[in-house]
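K.L.:
The chain contents come next:
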Amino acid sequence: MRPPFKLLLGLALVALQTAIVALGLFFPRVDATYRAYFIDQTLETWPGDPGSKPMTGLGRPLRDSEMGPYQK
Amino acid sequence: MRSVSKIIIFACVCLALRLLLYKLMAIPFGGLATAMCQYDCGWYVRLAQDGYGSDSLYANYLAIPNWAFFPAFPLLLRPFLALTPGMPLFTGLLVSNACFLGFAVVGALYLRATRPAADPLLWVVTLIIFPFGYIFSAIYSESLYDLLLIASVLMLAKRRVMACAVLTALLCATRPTGVLMLIPLGVERALYLWSHRSDADRLTHLGEALLPVAIAPLGLSLYMLDQYVQTGDALAFNHVQILWDRVWVGPYRTIADGLAAWDWYLVLQPKRIYSLSYDAAWALLGLGVAGWIAWRRRFTEAWLLAASILLPASTALHSLPRFVATNPFFLLAVFDLVSRLNGRLAVAGSFAGMGLLHGVVLVFWFIAANSVY
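Protein chains in written order, with the working numbering: chain A, 1 to 72; chain B, 1 to 373.
The set of hints was computed from the structure by calculation and includes no laboratory data.
Even for Gly, the Cβ is constructed at its ideal location relative to N, Cα and C.
Some clues are possibly wrong.
[What the hints assert, rightly or not] What the simulated footprint calls covered on chain B by chain A, stretch by stretch (three residues with Cβ under 8 Å from a Cβ of chain A suffice, anywhere in the stretch; the number is not a length):
# : segment
1 : 205-213
2 : 229-239
[What the hints assert, rightly or not] Reference listing, derived: stretches of chain A covered by chain B, where coverage requires no fewer than 3 residues with Cβ under 8 Å from a Cβ of chain B:
# : segment
3 : 3-9
4 : 15-29
[Unchecked claim] Derived DEER-like restraints, expressed as beta-carbon distance ranges:
# : chain 1 : residue 1 : chain 2 : residue 2 : range
5 : A       : 14        : B       : 5         : 40 to 46 Å
6 : A       : 9         : B       : 84        : 37 to 43 Å
7 : B       : 84        : A       : 15        : 40 to 46 Å
8 : B       : 82        : A       : 16        : 26 to 32 Å
9 : A       : 9         : B       : 158       : 18 to 24 Å
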């Protein structure tokens, strides 16, 4: 019986892309340069309350520990 | 039935005539390449030359992030720009117009598959003359996107699902709305699986169903992975939209607020002063046309038009005129309407009207009036 190559390849691709999406949603690794520009700009233009933080993909704000030296 | 070679030659001649006319009209505006390069054109050219993260206009890494612009079109431009240093705008124009030609020809093949009685040469003329069609000749991703989208839908109509999946993957790397093609492909594969539910070799059929659906979003997934590696945020392309005032509020809110603004007087104002009512009207026009297409039982086309409006309209209204007017299924609907006109005089009259409007909006484009963006 031939192994179902297409099924195995399909499952592997689904697993890979699920992992990529999970990285984006649960494990943002916001580096200093991105943070310096984007977060500062976002805080200035953020439609929420003053001092609110930009949202990650899950909808949760960035944590203080993720803001680094650029926290306002 | 018109041969493909005849359609290609006809499309080449029509496009060449259009570009010649553009060139003459662009003389007071700095020449064709300069006049055609408005708004996002600069983003794409710099992106193709220098990549993501930085913007060479600002010459340092802490510049405006260009991750909002998906990579397929810049990647397509890149080798051509490398071959012709010193003339990026002209080269970019050639690439966009080549994609536009591809869209016209593949669109004609799609017509042959879905509307056998339609005249493909009339389709080409409709595309060339349609008032907002200048976007396809500009250095924008619209021409590549429409080529890939119509090709994906054509492959799906012909049941060539692997080809559809690969084209959808490229589509997902071209614009965010490329993911909308996953729905028709997914539905088709689900129906395939259902029709083979009683077959003995279920694993094979499951693989046949799953693999195309797994390939289709690869363009977006790989871009997300690249953004994670470069910035630490796989969703940077989404988060950076706040710099364009795009915040998720839902399409009803944006369209209702747009109409309530009643700022039609802004339509002819110069750059960056958007008329929300004008943009909202385009959204409603597009949704109305999608409803008409659905009523004619072309559900895939209706979905790909309606969703392409509702998704961006959920965050903001600007650019909606362009999104609607360049959607291939909106253009097919325009063609369907033109085809229904009785008599050559009526068709010629409609083309004359469209041509006149095309000239007017082209000048607006050259001066970067916001109503055509």
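K.L.:
So, against the hints stated earlier in the document, which numbers end up violated here?
P.N.:
none
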